[in-house]
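With chain A fixed as given, assemble chain B onto it according to the hints.
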Amino acid sequence: MPNLEPSPVFKRRKTEGDPVSVHRIQSNQTMKRWTTKREHQIYSSKLFQALCRSRRTSSSTSAKELHQTADRVLAITAKGTTRWSRAILAAPLTAGTNMKKHKRAKVTVHTRLRKPVVNREKRKLPVVERKLKALRRLVPGCRKLSCNNLLEETSDYIVALEMQVRAMTAITEFLSRGEAQAPTDRLGSIGNM
Amino acid sequence: MSGRRSRSKQSSVSSITDDQIADLVSKLQHLIPELRRRRFDKVSTSKVLQETCNYIRSLHREVEDLSDRLSQLLASTDSDSDQAAIIRSLLMQ
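In the order they appear, the protein sequences are chains A and B. Position one of the first sequence corresponds to residue 1 (the UniProt record's numbering), numbered consecutively onward. Position one of the second sequence corresponds to residue 1 (the UniProt record's numbering), numbered consecutively onward.
This is chain A alone, in the form it adopts within the complex (with noise of 0.2 Å):
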């Protein structure tokens, strides 16, 4: 593999042992290479790969089990650094699990309309609570995260997850316009997109 930029390197501060802030230069430092062409031609060739491999193997592919390949390149690219990587590549491959959430933060609403307006004073207010709690599901592997922590965590996923939407749009606009470009352009046009 090609030198790519220097991995974080886990600083230790003389604070109150608060983990936060060292987890905060950690995710500063990595969240930026989502936007670096470099990273992005890393991940597409990777998917590239990856959907040669899958054609080679098996005769169809379904949408969702590219989606799932899509997500699992993106947490290899990701290398280990963040919570939301390493529980994509941990969770083995289960078929249905987003109708699931889906069913989840549905429920959630109506437990807020039962919930009369007394109650607010005995807890603290539960908005920002019940925020948290959609977030925690959309993020991978976040469930019992702090709240500082799935904050970090949902910025480094949300700038992973565009690069995933570039990379993927790139791919599917570079096989579908097959005709219109010589040969030789082809290949160098996924890195560039």
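It is worth saying that the hints were derived from the structure and are not from the lab. It is possible that part of the hints are untrue.
With a straight-line cut-off of 20 Å between C-alpha atoms, the simulated SDA-like cross-links for lysine to any residue are [unchecked claim]:
1. Lys-79/A <-> Ala-91/A
2. Lys-133/A <-> Ile-21/B
3. Lys-47/B <-> Val-127/A
4. Lys-64/A <-> Glu-62/B
5. Lys-27/B <-> Val-128/A
6. Lys-27/B <-> Arg-136/A
7. Lys-27/B <-> Lys-47/B
8. Lys-27/B <-> Asn-149/A
9. Lys-131/A <-> Ala-22/B
10. Lys-42/B <-> Val-128/A
11. Lys-131/A <-> Ile-32/B
12. Lys-42/B <-> Val-127/A
Model, not experiment: these values are computed from the prediction.
Showing chain B alone in chain A's frame:
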């Protein structure tokens, strides 16, 4: 987690944690296209979180959509058309 924050978010007891949270929330705000143009307005935390969830869901949908198209493209390579032949050759890496 519920014990960390008091009723008012600006309580001085948990100010360290609240500052960090405010920091992270504003960082999130910069990432979300909906809220980026309102960078200098105060956007409430719950709004930022709501928009974050919406944005992640829309990104997931986009990727699902793209997976769909890609899998269709790959499936179409079994046909006899010229397009299919070209895609097949591209995939023989």
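Consistency of the hints with the structure:
{"no.": "1", "hint": "Lys-79/A <-> Ala-91/A", "result": "holds (16 Å)"}
{"no.": "2", "hint": "Lys-133/A <-> Ile-21/B", "result": "holds (16 Å)"}
{"no.": "3", "hint": "Lys-47/B <-> Val-127/A", "result": "holds (10 Å)"}
{"no.": "4", "hint": "Lys-64/A <-> Glu-62/B", "result": "holds (13 Å)"}
{"no.": "5", "hint": "Lys-27/B <-> Val-128/A", "result": "holds (17 Å)"}
{"no.": "6", "hint": "Lys-27/B <-> Arg-136/A", "result": "holds (18 Å)"}
{"no.": "7", "hint": "Lys-27/B <-> Lys-47/B", "result": "holds (14 Å)"}
{"no.": "8", "hint": "Lys-27/B <-> Asn-149/A", "result": "holds (13 Å)"}
{"no.": "9", "hint": "Lys-131/A <-> Ala-22/B", "result": "holds (15 Å)"}
{"no.": "10", "hint": "Lys-42/B <-> Val-128/A", "result": "holds (16 Å)"}
{"no.": "11", "hint": "Lys-131/A <-> Ile-32/B", "result": "holds (16 Å)"}
{"no.": "12", "hint": "Lys-42/B <-> Val-127/A", "result": "holds (17 Å)"}
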